[in-house]
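**Q** Got chain A; can you put chain B on it based on the hints?
Protein chains: 2
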Amino acid sequence: MTSTQLLYAQEGSPEVRTIVSASKKYSQEMTGIAGKPAVKKAFQTLIDLQPETLKDHILLTEIPAPPYKEMVRAKKYAEMLQAAGADSVWIDNAGNVIALRKGKGGKKTVVLEAHMDTVFPEGTDVKVKFKGDTLFAPGIADDTRSLAVVLSVLKTVEKTGIETDANVLFIGTTGEEGQGDLRGVKNLFSDKGPGKIDSYIAVDGTDITRIVTRCLGSHRYRITFKGPGGHSSGSFGLVNPHNALARAIHYWVLDADKFSREDGVRVTYNVGVIGGGTSVNSIPFESWMDVDMRSESNERLFAIDKLLQAAIQKGLAEENQMKRSGPDLKVEVKLVGDRPSGTGDPNSAFVQRAIASTTALKAEPSLEVSSTNSNIPIAKGVPAATIGSGGKAGGAHSLGEWWLDDKGYEGAQRILLLLLAEAGIAK
Amino acid sequence: MTSTQLLYAQEGSPEVRTIVSASKKYSQEMTGIAGKPAVKKAFQTLIDLQPETLKDHILLTEIPAPPYKEMVRAKKYAEMLQAAGADSVWIDNAGNVIALRKGKGGKKTVVLEAHMDTVFPEGTDVKVKFKGDTLFAPGIADDTRSLAVVLSVLKTVEKTGIETDANVLFIGTTGEEGQGDLRGVKNLFSDKGPGKIDSYIAVDGTDITRIVTRCLGSHRYRITFKGPGGHSSGSFGLVNPHNALARAIHYWVLDADKFSREDGVRVTYNVGVIGGGTSVNSIPFESWMDVDMRSESNERLFAIDKLLQAAIQKGLAEENQMKRSGPDLKVEVKLVGDRPSGTGDPNSAFVQRAIASTTALKAEPSLEVSSTNSNIPIAKGVPAATIGSGGKAGGAHSLGEWWLDDKGYEGAQRILLLLLAEAGIAK
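Protein sequence lines correspond, in order, to chains A and B. Quick note on numbering: the numbering used here labels position 16 of the first sequence as 16, and the sequence is numbered without any gaps. Quick note on numbering: the numbering used here labels position 66 of the second sequence as 66, and the sequence is numbered without any gaps.
Check each hint, because a few of them may be wrong.
Claimed, not checked - If you only want the chain A side, here are some residues facing chain B, beta carbon under 10 Å, derived:
#1 F236
#2 H250
#3 N281
#4 S287
Said to hold, decoys possible - Straight-line Cα separation of at most 27 Å, DSSO-like style, residue types lysine-lysine; simulated pairs:
#5 K380(B) x K108(B)
#6 K258(B) x K323(A)
#7 K314(A) x K323(B)
#8 K40(A) x K104(A)
#9 K258(A) x K323(B)
#10 K41(A) x K362(A)
#11 K258(A) x K314(B)
#12 K226(A) x K258(B)
#13 K129(B) x K69(B)
#14 K55(B) x K127(B)
#15 K362(B) x K41(B)
#16 K306(B) x K330(B)
#17 K226(A) x K102(A)
#18 K24(A) x K362(A)
#19 K155(A) x K36(A)
#20 K108(A) x K25(A)
#21 K330(B) x K258(A)
#22 K323(A) x K306(B)
#23 K24(A) x K69(A)
#24 K258(B) x K330(A)
#25 K102(A) x K41(A)
#26 K314(B) x K323(A)
#27 K196(A) x K155(A)
#28 K55(A) x K40(A)
#29 K226(B) x K258(A)
#30 K323(B) x K306(A)
#31 K258(B) x K314(A)
#32 K24(A) x K40(A)
#33 K380(B) x K306(B)
#34 K314(A) x K314(B)
#35 K36(B) x K107(B)
Stated by the list, open to error - If the Cβ cut is set under 8 Å, some of the chain A residues that face chain B in the computed set are:
#36 S233
#37 H242
#38 N243
#39 D257
#40 V265
Treat the hints as calculated values from the structure; they're not laboratory data. Backbone N, C-alpha and C fix where the C-beta goes; we use that ideal spot for every residue, glycine too.
If we strip away everything but chain A, and leave its shape as in the complex, we get (with noise of 0.2 Å):
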């Protein structure tokens, strides 16, 4: 998951957490596919499959998978797809590993997936490091515990023999974290994806009481004005662009504090970073901020952002304007994120599936907003949530980041369970 989120919810997120149950007819059918003699044998097979799927945790955490520098983590991946027994492994244009089991009846496409991105930069260190039973390591919770677990899932499958009816797409995804932008996800419901979804499974975290199925969208901008610069005093009267910055800011968050304080799904904005300029007596070439908004409804992320574009506009004119002498102030206005924002609804199908799924491990459902490779497929109407990989972990994203074995299995085995539910049991 993002930074974004985790942090959300570190920092007293207003949203209340609300246990949710499935209504009879999905925890029925939940009830018979868990009690099939096959599940069952899958489930200890899972159980059994722990040391080998802590081994393949702990390899791939040790491998390096900086933002945009994923391929050395993904080439393993695929091999280790591949030696589990998909039919197909390839890699796509976007740096996803994406393995092929096939379906019996082969018309539908069910994936699950966990993202091979961390938030950690070229030289980290990222050997894993015991205190006792808890693994700790940069990225070993967020997400390569999941990445671990989704291999430990194709293992299951091909070790105990179940058949699917829908082709499956075993996936390690690219650019979950911040900068990717969710370039993976992306890229796999564009035209260069592997074709038709059906459904998504999205494996991030390690909770397995969390289905995440509110998708928190968010806009964010690096906007820059630009003029000629100049000497404080000698060229004064050339516009400024930090002027032009600060009415921009101005105008926006009187528009924007209104807005968001109107009735309505939360909004919320905020200019993150501010810079430019040389020297206190110099007229800076430029000056640049990157922004934020973000809302669980579409239509209010895109009010808010008409309201910043406005702004932007009456700082760059006001200043113009005001100018003296040399030519106007440019502004340059570049959207490094988007994320669409989207609701799964809690009666449908998946959404029944993931929470029945979660009771038959024990678990109390709650669904839970936040922003993670789901809010693709869900903005799209194909049925998806981010599910937890199991056991406990804390410090994601920091450098003390840890991931402790406690019932990791039952991680697993709701995933199985809601694959299952999803792809069809064939045989």
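**A** Below, chain B without anything else, positioned relative to chain A:
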């Protein structure tokens, strides 16, 4: 001279060069001084000393003197002044090297100084390189040439036995450039200085026509808004320091623009550098800007500064009023540059003598505006000017700085004339 002013000149200052001339009284006085046999002999001594002055010049240039790190050069300069025959030499608490040559009357004190500091950081290659007759090295013209000339004037009065009526302080000053904020000269006029100073000749730059008597004052601030910081979505509603900064800029620019268009002495303002923030999705814990304002009129300077202070408080109050949770924003306003404005009276004895000494060398005197060590005495009503040390120069404040000995002795001769006119010849 400061970077500021060199750029100012380069970038098309609106100031127009006007040739001035001295009144008959001071022209005659100067003709009298220049005609004395001792002074004629001294003029020849300055020419004869040229090879030695060049050697001193190179030696001093090759001792690095970055801002706040003038001490090595200062110790050497103190030795050289002592060896040249000063009655006593000491280094004051601001690092200025002060060499006293007692006068016969000793009731007045005249300062002749150049600044020791350069703009170049530690590690800059200051080895002097020759291309034909031209000397290249960072700091060679600004202001090391002047240090060598001030020393040569002391040597000359010693060698020729000229005694002055007034005490003369030959000084190497510290902190003239940018961030030094004139700390050397400020100390000379403080209660930690060498006592009452009656007139002040600053040697800076090389041009022998310029007489800087109009002082461009400036106020510079680092303004920092500080809040708790937090996650852009999870902590939404906390104060955002960028918002307050933007509002402060917006309000200041509105008021300052209006004020600077009103009739009166020219006044300029600038937001030069801005910064703060850690990531696009974090509410920053701080937001800062470096601002600069200038005028030859102290009154106008203080007025535009007052507008800034009001805008800062307005920005602060508005953002605090808008917050939904958490502590108030705070602001830190730090004065980082304070150079007073002022203008030397063109009809005063000092300025008339500066004009007459220039004319005596057949150069065309012009009263100019700049920001130099003379700002301090002039603001305090002490007769002062900044004049050049002779020769041709360019590329000041760049690694390609150069100096060429094109009748450089004329600069030294002009300085000697002004010094003798001010200090009085005792025999």
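**Q** Decide, hint by hint, whether the structure agrees.
**A** Hint check:
1. F236: holds, 4 Å
2. H250: Check passed: Cβ of H250(A) comes within 4 Å of chain B, closer than 10 Å.
3. N281: Hint holds; N281(A) Cβ to chain B Cβ min 5 Å, cut 10 Å.
4. S287: holds, 7 Å
5. K380(B) x K108(B): holds, 17 Å
6. K258(B) x K323(A): Measuring from Cα to Cα gives roughly 12 Å; hence the hint holds.
7. K314(A) x K323(B): holds, 24 Å
8. K40(A) x K104(A): Status holds; Cα separation ~21 Å.
9. K258(A) x K323(B): Given pair K258(A), K323(B) holds - Cα atoms ~12 Å apart, limit 27 Å.
10. K41(A) x K362(A): holds, 19 Å
11. K258(A) x K314(B): The given pair, whose Cα atoms are some 19 Å apart, holds under the 27 Å limit.
12. K226(A) x K258(B): Since the Cα atoms of K226(A) and K258(B) sit roughly 23 Å apart, the hinted pair holds (cutoff 27 Å).
13. K129(B) x K69(B): holds, 23 Å
14. K55(B) x K127(B): Judged against 27 Å, a Cα distance of about 13 Å means the pair holds.
15. K362(B) x K41(B): Distance of about 19 Å is within 27 Å: holds.
16. K306(B) x K330(B): holds, 19 Å
17. K226(A) x K102(A): With a Cα-Cα distance of about 54 Å, the restraint between K226(A) and K102(A) is violated, given a limit of 27 Å.
18. K24(A) x K362(A): Distance of about 16 Å is within 27 Å: holds.
19. K155(A) x K36(A): Holds. K155(A) to K36(A) sits at ~18 Å (cutoff 27 Å).
20. K108(A) x K25(A): holds, 22 Å
21. K330(B) x K258(A): Roughly 23 Å between the alpha carbons, so the hint for K330(B) and K258(A) holds.
22. K323(A) x K306(B): holds, 22 Å
23. K24(A) x K69(A): Cα-Cα ~46 Å, so violated.
24. K258(B) x K330(A): holds, 23 Å
25. K102(A) x K41(A): holds, 21 Å
26. K314(B) x K323(A): holds, 24 Å
27. K196(A) x K155(A): Answer holds: K196(A) to K155(A) is near 24 Å, not above 27 Å.
28. K55(A) x K40(A): holds, 24 Å
29. K226(B) x K258(A): Holds, at roughly 24 Å.
30. K323(B) x K306(A): Holds - the C-alpha atoms of K306(A) and K323(B) are around 22 Å apart, at most 27 Å.
31. K258(B) x K314(A): Status holds; Cα separation ~19 Å.
32. K24(A) x K40(A): Roughly 22 Å between the alpha carbons, so the hint for K24(A) and K40(A) holds.
33. K380(B) x K306(B): holds, 22 Å
34. K314(A) x K314(B): Answer holds: K314(A) to K314(B) is near 21 Å, not above 27 Å.
35. K36(B) x K107(B): Holds - the C-alpha atoms of K107(B) and K36(B) are around 23 Å apart, at most 27 Å.
36. S233: Because about 5 Å separates S233(A) from the closest Cβ in chain B, which is inside the 8 Å limit, the hint holds.
37. H242: holds, 4 Å
38. N243: Because about 5 Å separates N243(A) from the closest Cβ in chain B, which is inside the 8 Å limit, the hint holds.
39. D257: Holds, because the Cβ-Cβ distance from D257(A) to chain B comes to roughly 6 Å (cut-off 8 Å).
40. V265: Result: violated, 13 Å to nearest chain B Cβ.
Of the numbered hints stated above, those contradicted by the structure are hints 17, 23 and 40, listed in ascending order.
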